[in-house]
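Generate coordinates for the entire structure from the input sequences, incorporating the hints supplied.
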Amino acid sequence: MADFEVPELKEYIEVPKYKDGTMAHSSPYIAKEKFQEPLGYPGELIENWEEKAIEKMGELKGKYRSFQVFLDACVKCGACTDKCHYYLGTLDPKNMPVARQDLLRKVYRRYFTFAGKWFPKLVGAVDLDKDVLDEWYSYFHQCSQCRRCSVYCPYGIDTAEISMAAREIMASVGVGQKYCNEIIGKANTIGNNLGLPEPALADTLEGLEEEVEEDTGVAVKFPLDQKGADILLVTPSADFFAEPHVDGLIGYAKVFHEAGASWTISSYASEAANFGMFIGSYENMRRLSLRVRKAAQDLGVKRIVFGECGHAWRVAYSFLNTLAGPFDFLDPNYPVPQHICEYTYDLIQKDKLKFNKTENDHMTLTFHDSCNVARATRMGDKPGGQFDIPRAVIKAACNNYVDMPADTIGEATFCCGGGGGLLTDDLMELRVKGAMPRMQALKTVTDDYGVTNIAAICAICKSQFTKVLPYYGFTMDQIVSVHQLVSDAIVLSDATSDDADDSGEEQE
Amino acid sequence: MSALSVTYAILFYVATTVLIVGLVYKIRLYAKTPAPLKIPTTPAPVTQTGVVFRMAREVVLFSSLFKSNKWIWIFGWMFHFALLLVLLRHFRYFVDTSSPIWFWVPLIQPFGMYAAFAMLAGLGGLWARRILVDRVRYISGPSDHLMLALLVAIGASGAMMKFVEHTDIVAVKGFFQGLLTFSIQPLPGDPVLLIHLALVAVLMLIFPISKLLHAPGIFFSPTRNQVDNPREKRHQAQWTVELEADGGNK
Ligand code: HEM
Ligand code: HEM
Ligand code: SF4
Ligand code: SF4
Numbered sequence: 001m002a003d004f005e006v007p008e009l010k011e012y013i014e015v016p017k018y019k020d021g022t023m024a025h026s027s028p029y030i031a032k033e034k035f036q037e038p039l040g041y042p043g044e045l046i047e048n049w050e051e052k053a054i055e056k057m058g059e060l061k062g063k064y065r066s067f068q069v070f071l072d073a074c075v076k077c078g079a080c081t082d083k084c085h086y087y088l089g090t091l092d093p094k095n096m097p098v099a100r101q102d103l104l105r106k107v108y109r110r111y112f113t114f115a116g117k118w119f120p121k122l123v124g125a126v127d128l129d130k131d132v133l134d135e136w137y138s139y140f141h142q143c144s145q146c147r148r149c150s151v152y153c154p155y156g157i158d159t160a161e162i163s164m165a166a167r168e169i170m171a172s173v174g175v176g177q178k179y180c181n182e183i184i185g186k187a188n189t190i191g192n193n194l195g196l197p198e199p200a201l202a203d204t205l206e207g208l209e210e211e212v213e214e215d216t217g218v219a220v221k222f223p224l225d226q227k228g229a230d231i232l233l234v235t236p237s238a239d240f241f242a243e244p245h246v247d248g249l250i251g252y253a254k255v256f257h258e259a260g261a262s263w264t265i266s267s268y269a270s271e272a273a274n275f276g277m278f279i280g281s282y283e284n285m286r287r288l289s290l291r292v293r294k295a296a297q298d299l300g301v302k303r304i305v306f307g308e309c310g311h312a313w314r315v316a317y318s319f320l321n322t323l324a325g326p327f328d329f330l331d332p333n334y335p336v337p338q339h340i341c342e343y344t345y346d347l348i349q350k351d352k353l354k355f356n357k358t359e360n361d362h363m364t365l366t367f368h369d370s371c372n373v374a375r376a377t378r379m380g381d382k383p384g385g386q387f388d389i390p391r392a393v394i395k396a397a398c399n400n401y402v403d404m405p406a407d408t409i410g411e412a413t414f415c416c417g418g419g420g421g422l423l424t425d426d427l428m429e430l431r432v433k434g435a436m437p438r439m440q441a442l443k444t445v446t447d448d449y450g451v452t453n454i455a456a457i458c459a460i461c462k463s464q465f466t467k468v469l470p471y472y473g474f475t476m477d478q479i480v481s482v483h484q485l486v487s488d489a490i491v492l493s494d495a496t497s498d499d500a501d502d503s504g505e506e507q508e
Numbered sequence: 509m510s511a512l513s514v515t516y517a518i519l520f521y522v523a524t525t526v527l528i529v530g531l532v533y534k535i536r537l538y539a540k541t542p543a544p545l546k547i548p549t550t551p552a553p554v555t556q557t558g559v560v561f562r563m564a565r566e567v568v569l570f571s572s573l574f575k576s577n578k579w580i581w582i583f584g585w586m587f588h589f590a591l592l593l594v595l596l597r598h599f600r601y602f603v604d605t606s607s608p609i610w611f612w613v614p615l616i617q618p619f620g621m622y623a624a625f626a627m628l629a630g631l632g633g634l635w636a637r638r639i640l641v642d643r644v645r646y647i648s649g650p651s652d653h654l655m656l657a658l659l660v661a662i663g664a665s666g667a668m669m670k671f672v673e674h675t676d677i678v679a680v681k682g683f684f685q686g687l688l689t690f691s692i693q694p695l696p697g698d699p700v701l702l703i704h705l706a707l708v709a710v711l712m713l714i715f716p717i718s719k720l721l722h723a724p725g726i727f728f729s730p731t732r733n734q735v736d737n738p739r740e741k742r743h744q745a746q747w748t749v750e751l752e753a754d755g756g757n758k
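Taken in sequence, the protein lines are chains A and B.
Heads up, the first sequence is in the numbering used here, so the first residue is 1 and it goes up one at a time.
Heads up, the second sequence is in the numbering used here, so the first residue is 509 and it goes up one at a time.
What the hints contain is simulated information worked out from the structure, not anything from laboratory work.
A quick note: this is a predicted structure, and the numbers were derived from the prediction, not measured.
One-sided and incomplete, this derived list gives chain B residues near chain A with beta-carbon spacing under 10 Å:
{"hint": "1", "residue": "541"}
{"hint": "2", "residue": "551"}
{"hint": "3", "residue": "573"}
{"hint": "4", "residue": "575"}
{"hint": "5", "residue": "576"}
{"hint": "6", "residue": "581"}
{"hint": "7", "residue": "647"}
{"hint": "8", "residue": "655"}
{"hint": "9", "residue": "723"}
{"hint": "10", "residue": "726"}
{"hint": "11", "residue": "729"}
{"hint": "12", "residue": "741"}
In silico negatives: residues of chain B with every beta carbon more than 10 Å from chain A:
{"hint": "13", "residue": "610"}
{"hint": "14", "residue": "660"}
{"hint": "15", "residue": "673"}
Don't be surprised by glycine CBs; every beta carbon is placed ideally from N, CA and C.
Structure below.
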């Protein structure tokens, strides 16, 4: 099936001995000029790139405290060495978080520290040259910016921050990554990562309305660019047609329908995922975020709700207010933005939604905490709401639910293996190997509890699982959207009686 | 005034200056560098008080390290808290222990003595990991081994004085109290003491230019010291405000 060895799933995750260079060959396509220049980067490796890269590094360490402190503070204690899914799956020692940081730190030390300038050998400082750059390009694209290492580091050193900075430095001297930069270009010009223009989007949504009506007999709407709607839904564009994403979108629409909410999608900001974060570019991340602000203003909405997407929720929850705020023109009674799970959960709490859970009885579910939701955001008022709320939504819609082992969920969750701008075919080997720890945990609950399906709230996770599940002996349709479960179990109150719930739950 | 006393006096003035100036420079740099985005590792406290508790748990208990690796935690915690006791015990060389505010200095003396062994044991454990565990060996450079060697040598020479080759403590105290008032008093010439002190000076000199910056650094780590409230309160840095001159946020 593959031209590389798929890791074997063991009883539990073993920390293997490292093997030098197993992934040295892995490196994504470099962005061509036409993808670089619109983002403000040179089209190819510039002439005096060494000098410019160091200059950029100096600039970044002046702009980001995280970068400066993390470069200085690491004591090489080794606590993070066995925490990265890419290390566990590939055994390449440069995929140990501290070793990944060191690829950049050794250059930082050479140019910016006393010890590195005078005693380079002693502290492992090296000059920046083409080999170092190539190594950066390879290994900083073997980090999904999942922040698992940062949970376990005694100083909270987050390798994701170092990877972002490294990618920003590389892009600024002309070595950007094709996958990310091409997508950012599409989102900047067309409004979403898939490059789906307004007419196609309108068509798709109309098709969905017909499909749902045929299915349920209820006219559930999928409004587009509706001025004066109360809620703007911003969702990853994969939700518009890929499986299982689109089933999630149908779920959101049914929830809105049941709540009697007036809502709309915007064709101008038809993308939740913000790839500006992956390439570490504040400016690009801001440019994309401003589209959401403009859409909200133009449509005159009162609230913004984000669909199921992990890194998107990080940018939305943690950064949107900073990047594109203040949102003083929206209804102050609601957090800006809200997650669709928060929205659905509130309705469940208020007893506004009815479910026929038996609709999902053919499945036993588990939940994959998406890394950026788990370790970079929150839902609800309480810390940890990002774990409890999606589970509460699943349990409201399903009877059979079990968690994967405790050291692989919650803040300890393993990344799907495809996050952080790595969800591209040219990194397939990395993606499959990096998924090993998650697949291992899934296998445990499959063997022990008969789990049949794994639910997620991230477009990247869903696409990644669709691809990698078969490598590990699962089937691609085992991954489901959380709102797909909601969609299948929700009882639409204006449905004709024989479609409606007859399990004895009282009607409103 | 012997040449020895003068040499050591100069050494300690220089080392102290480097330590203080270096640390002040680094701490100011950390404090001045903006953190433009909210990046606490979540679940994170939602109040400032919560952040103080989180940081206290990290600094006092090494709580993240506890989560990640029990061996490093045991050795690391043992080393650091023994070090703390040893350093507190050393206050007697610098302060007037008859003054009431220093009442605790004599009280901890007996514990401090044995702390030397705990410190050495902790360092030994950490060093063993560095050599025996393949992953930790891979990430260790010469400076990482030398740092441990330096601390072991300081601890061992100190313990030598305490338990084997006693030195004239009253004279040592006289010398260091003299330095505080810029008068150079005689320093005993015992080789073990001279080694101990020279190595301590080296430690002070490298502190602000080495990974020992983890001590001030931890307090400035944005993933640990930020409040999780980005939706409630708009977080901004000077340079991100300047970026908004294009009017996009209007
Ligand atoms: C705020 C104060 C400090 C905190 C919270 C702190 C915390 C830590 C932690 C969590 C580690 C990693 C675990 C370990 O290897 O022990 C560590 C390592 C280390 N610390 Fe500290 N530390 C502090 C102050 C100091 C000071 C003052 C020294 C200086 C002598 C020091 C020397 C070291 C060394 C040498 C290591 C590396 C040990 C190794 O090689 O494995 N620390 N520190
Ligand atoms: C200027 C600073 C220092 C001076 C004047 C000094 C002096 C001394 C003296 C005179 C002793 C012998 C105590 C006795 O016989 O009872 C001693 C012991 C010791 N020193 Fe230091 N020392 C200094 C700094 C340090 C530092 C920074 C460390 C650790 C990193 C350290 C670690 C020890 C240890 C472990 C012992 C043995 C246990 C004890 O007596 O507390 N010393 N020191
Ligand atoms: S952020 Fe995630 S992928 Fe990157 S080094 Fe850390 S654990 Fe590995
Ligand atoms: S856990 Fe933190 S301090 Fe320890 S080696 Fe990893 S990055 Fe460095």
